[in-house]
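The listed protein sequences correspond, in order, to chains L and U. Just so you know, this note's numbering puts 47 at position 47 of the first sequence, and the rest follows in order with no gaps. Every number in this note's numbering is 240 more than the matching position in the second sequence, counting from 1.
Bear in mind the hints are in silico, worked out from the structure with no lab data behind them. Every residue gets a Cβ at the ideal spot worked out from N, C-alpha and C, and that includes glycine. Wrong hints could be hidden among the right ones.
[To be verified] Below, a sample of chain L positions facing chain U; criterion: calculated Cβ distance under 7 Å: (1) 3; (2) 4; (3) 13; (4) 16; (5) 18; (6) 20; (7) 29; (8) 89; (9) 93; (10) 97; (11) 128; (12) 217; (13) 236; (14) 237; (15) 238; (16) 239.
[What the hints assert, rightly or not] Derived EDC-like pairs: lysine to aspartate or glutamate, alpha-carbon spacing no greater than 20 Å straight-line: (17) U:312 / L:237; (18) U:261 / U:299; (19) U:257 / L:236; (20) U:497 / U:455; (21) L:21 / U:334; (22) U:294 / L:240; (23) U:413 / U:345; (24) U:294 / L:237; (25) U:257 / L:237; (26) U:520 / U:438; (27) L:6 / U:337; (28) U:312 / U:356; (29) L:235 / U:297; (30) U:371 / L:240; (31) L:17 / U:337; (32) U:483 / U:517; (33) L:6 / U:341; (34) U:520 / U:490; (35) L:17 / U:334; (36) U:312 / U:250; (37) U:256 / L:240; (38) U:464 / U:517; (39) L:21 / U:337; (40) U:464 / U:494.
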Amino acid sequence: MSLNHKTFPQVVRVQTKWKIKAYSQALVPLLILQIIMAFLTSSGSGTTSLMINQVTVESYFYSVDVFLISTCIWAVITAFLIQTRGYRQTDLSAITNRATGNTANIISLIFFSFIAVIVNYMSLYILVASIQLIKGIDIFPNSELFNFMQFLVAFFIILLAASSGYFISSLFNLSKILGSLFVLVGGFLCIRVLDEQLLTIVKFYFEAGYFLFLVKALITAALLFALPVVFLNGKEEVRE
Amino acid sequence: MTDIVCNQVEKKFRNKKALNKLSCSIEGEKIIGLIGRNGAGKSTWLKLLAGHLKPTDGEIHIFGRNPFNNLKIATNLILIEDSMTFPPFFNLGELFDMASDFYPDWQGDLAIRLLEYANIPLKSFHHNLSKGQVSTFNLIYGLAARCAITLLDEPMNGMDEGIRTDMYRAILKEYIAYPRTMIISSHHLPEIEHLLEEILLIDDGEVVLHVPLEDVNQMLVSLKGDVNEIKEITDYQDVLFEKQDAVSYEAIIERNKINTNYQNQTNVQMQPVSASEVCKLLTHKQKGGIDDVFKS
Chain L
1 MSLNHKTFPQ VVRVQTKWKI KAYSQALVPL LILQIIMAFL TSSGSGTTSL
51 MINQVTVESY FYSVDVFLIS TCIWAVITAF LIQTRGYRQT DLSAITNRAT
101 GNTANIISLI FFSFIAVIVN YMSLYILVAS IQLIKGIDIF PNSELFNFMQ
151 FLVAFFIILL AASSGYFISS LFNLSKILGS LFVLVGGFLC IRVLDEQLLT
201 IVKFYFEAGY FLFLVKALIT AALLFALPVV FLNGKEEVRE
Chain U
241 MTDIVCNQVE KKFRNKKALN KLSCSIEGEK IIGLIGRNGA GKSTWLKLLA
291 GHLKPTDGEI HIFGRNPFNN LKIATNLILI EDSMTFPPFF NLGELFDMAS
341 DFYPDWQGDL AIRLLEYANI PLKSFHHNLS KGQVSTFNLI YGLAARCAIT
391 LLDEPMNGMD EGIRTDMYRA ILKEYIAYPR TMIISSHHLP EIEHLLEEIL
441 LIDDGEVVLH VPLEDVNQML VSLKGDVNEI KEITDYQDVL FEKQDAVSYE
491 AIIERNKINT NYQNQTNVQM QPVSASEVCK LLTHKQKGGI DDVFKS
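This is chain L alone, in the form it adopts within the complex:
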């Protein structure tokens, strides 16, 4: 009897391929969310009014921000769900171990974050084009229509959201008490000391320009993704 051998990268590659196929349905809620956001922001994410003599000039601002916020919420929920028991147990039906399963999850989330940021930009473009066509309002881009650095920033913001969702879900996986405590303390901090603390966090990431943001976001996302791989590696997993 000869034994088969599969390396870690081989298993991760196959698992990622099938996880991406399996979780592709997760893009449906994202698209629905984008359509809802497009309706909600059809009159602009911000407006200003200017009156010169008898002429009133109204300006509407359309930006990717609103889509980005909703995508972040989607990313947190998707990343959280990917680690829940039902999904984890499907891993056991094929060759796997905890590390390959987690790594494949992370690669899938990175892939979906990339798709999500493209969907974001597409949503903005479709919204803007529809407004021009339907309402007949002239649109003037206040910067380039596509800025690669801004695209990367949007991607990393979504990645941060996804990694946070994955991290929280992993805490729940490790211990429900630990996960609940983390969410409660996090929620309390956000509600009670939100202004000060949240501002400090946002400042930390954005104060030194886009490039440093990318570096900081990359390190944070890498940590939030890597920690679950490490602390869940010795965890038992059974079908129930």
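With chain L's structure known, arrange chain U on it following the hints.
Below, chain U without anything else, positioned relative to chain L:
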């Protein structure tokens, strides 16, 4: 190399001991029947072998490696059980495609033929199948994966009589085509007896018996006749089972405990006890049957 070695394996769930100093070793390709009562620890042991659980104490080695979280073992071992779940977005055909990507020896044609034989459409979804169909699909999946170690935990649960017989035959044919170590856990020993080479009997988390099937068939003997005569034949030793009514007395005892001086000059009827009955008796806590419960 011994394929599976368990040394004083213990597994606790909170304060409850599921396995208690379980030791055994399995070598070479063979089909082994894993027998035991409900809650004896069969499924826990299989999960430990599959690397889903880790022992609280003791050691398990499969092909010389600890199976827990081990990719090499996961590549060469498959555990089929009732609770198997698959990604819900794939139909059965796609699940077979997925398996062919994972398992190097996957038998795609065989899997499709078996599924067609079982009248399960390739386009259906695993979560929409009936209980018996789920078991059939899971078993086909396990057989077609052709892993060096195939663990089948109650594989026939929910299957109707016809498909059960066919699936037992499929197991045998697959084993002949590709000999491997197969451990089949079941409550219905008579059903799987014709497949087995060895029996591994577990009770209260311990291995009670691990011997070839023919040894089990020769292990116990049933004595029927006059109570005094039987007591003399058995040397008044502890019997594993006894039943007395108005006219006759029956006792079951280990064959090697019979007093040979009396063996040939008595009216007592001696009959071999089936392997299934042996397993039942060796794991039975009382000497009487269910009738004793109703005695006032």
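Against the structure, the hints come out as follows:
1. Using the Cβ-Cβ criterion of 7 Å, the hint placing residue 3 of chain L at the interface with chain U is satisfied: the shortest such distance is roughly 5 Å.
2. Evaluation of the residue 4 of chain L hint against chain U yields a held restraint, the C-beta minimum of about 4 Å falling below 7 Å.
3. Because the beta carbon of residue 13 of chain L sits about 9 Å from the nearest beta carbon in chain U, more than 7 Å, this interface hint is broken.
4. Annotation: interface hint on residue 16 of chain L violated; nearest CB of chain U at approximately 11 Å, more than 7 Å.
5. Checking residue 18 of chain L against chain U: minimum C-beta separation of about 5 Å stays under 7 Å; hint holds.
6. Proximity of residue 20 of chain L to chain U is violated relative to the hint, the smallest CB-CB distance being about 11 Å (cut-off 7 Å).
7. Proximity of residue 29 of chain L to chain U is violated relative to the hint, the smallest CB-CB distance being about 14 Å (cut-off 7 Å).
8. Checking residue 89 of chain L against chain U by beta carbon gives a least distance of about 5 Å; that is within 7 Å, so the hint holds.
9. Here the hint on residue 93 of chain L is kept, as its CB sits about 5 Å from the closest CB of chain U, short of 7 Å.
10. Using the Cβ-Cβ criterion of 7 Å, the hint placing residue 97 of chain L at the interface with chain U is satisfied: the shortest such distance is roughly 5 Å.
11. The closest approach between the C-beta of residue 128 of chain L and any C-beta of chain U is roughly 33 Å, which is over the 7 Å cut-off, so the hint fails.
12. With its C-beta approaching chain U no nearer than about 30 Å, residue 217 of chain L sits outside the 7 Å limit, and its interface hint is violated.
13. Given the 7 Å rule on beta carbons, the hint for residue 236 of chain L holds: about 5 Å separates it from the nearest Cβ of chain U.
14. Here the hint on residue 237 of chain L is kept, as its CB sits about 6 Å from the closest CB of chain U, short of 7 Å.
15. With 7 Å as the threshold, the beta carbon of residue 238 of chain L comes within range of chain U, its nearest partner Cβ sitting at about 5 Å, so the hint holds.
16. Against a cut-off of 7 Å between C-beta atoms, the interface hint on residue 239 of chain L holds, since the closest Cβ of chain U lies about 4 Å away.
17. For the suggested pair residue 312 of chain U and residue 237 of chain L, the alpha carbons sit about 17 Å apart, so the restraint of at most 20 Å is met.
18. Between the alpha carbons of residue 261 of chain U and residue 299 of chain U the distance comes to roughly 10 Å, so the proposed pair stays at or under 20 Å and holds.
19. Under the criterion of a C-alpha separation no larger than 20 Å, the hint pairing residue 257 of chain U with residue 236 of chain L is consistent with the structure, at around 17 Å.
20. A threshold of 20 Å between alpha carbons decides the hint, and for residue 497 of chain U with residue 455 of chain U the separation of about 15 Å falls inside it, so the pair holds.
21. This hinted pair checks out: residue 21 of chain L and residue 334 of chain U have alpha carbons roughly 11 Å apart, not beyond 20 Å.
22. For the hint pairing residue 294 of chain U with residue 240 of chain L, the CA-to-CA distance comes to about 16 Å; that is within 20 Å, so the pair holds.
23. At most 20 Å may separate the alpha-carbon atoms for a hinted pair to count; residue 413 of chain U and residue 345 of chain U meet this at roughly 16 Å.
24. Restraint check: the Cα-Cα separation between residue 294 of chain U and residue 237 of chain L comes to about 10 Å, which is no more than 20 Å; the hinted pair holds.
25. A distance of roughly 18 Å separates the Cα atoms of residue 257 of chain U and residue 237 of chain L; the hinted pair therefore holds under the 20 Å criterion.
26. As the CA atoms of residue 520 of chain U and residue 438 of chain U are separated by approximately 16 Å, the hinted pair is consistent with the 20 Å bound.
27. Between residue 6 of chain L and residue 337 of chain U, the direct Cα distance comes to roughly 18 Å. Compliance with the 20 Å bound is thereby established for this hinted pair.
28. For the given pair, residue 312 of chain U sits about 32 Å from residue 356 of chain U by alpha-carbon distance, which is inconsistent with the 20 Å threshold.
29. Simply put, residue 235 of chain L and residue 297 of chain U have alpha-carbon atoms about 16 Å apart, close enough for the 20 Å limit, and the pair holds.
30. Pair hint residue 371 of chain U plus residue 240 of chain L holds up; C-alpha atoms about 15 Å apart against a cutoff of 20 Å.
31. For the hint linking residue 17 of chain L to residue 337 of chain U, the alpha-carbon distance of about 12 Å falls within 20 Å, and the restraint holds.
32. Our distance criterion of 20 Å between C-alpha atoms is met by residue 483 of chain U and residue 517 of chain U, whose separation comes to about 15 Å.
33. Between residue 6 of chain L and residue 341 of chain U the alpha-carbon distance is near 11 Å, which keeps this suggested pair within the 20 Å criterion.
34. Under the criterion of a C-alpha separation no larger than 20 Å, the hint pairing residue 520 of chain U with residue 490 of chain U is consistent with the structure, at around 16 Å.
35. With a C-alpha separation of about 13 Å, the suggested pairing of residue 17 of chain L with residue 334 of chain U holds against the 20 Å cut-off.
36. Using a Cα cut-off of 20 Å, the hinted pair residue 312 of chain U and residue 250 of chain U is violated, with the two alpha carbons roughly 23 Å apart.
37. Restraint check for residue 256 of chain U and residue 240 of chain L: the C-alpha separation of about 18 Å stays at or below 20 Å, so the hint holds.
38. With a CA separation close to 16 Å, the supplied pair residue 464 of chain U and residue 517 of chain U stays within the 20 Å bound.
39. A distance of roughly 12 Å separates the Cα atoms of residue 21 of chain L and residue 337 of chain U; the hinted pair therefore holds under the 20 Å criterion.
40. Taking the CA atoms of residue 464 of chain U and residue 494 of chain U, the gap is near 14 Å; set against the 20 Å cutoff, the hint holds.
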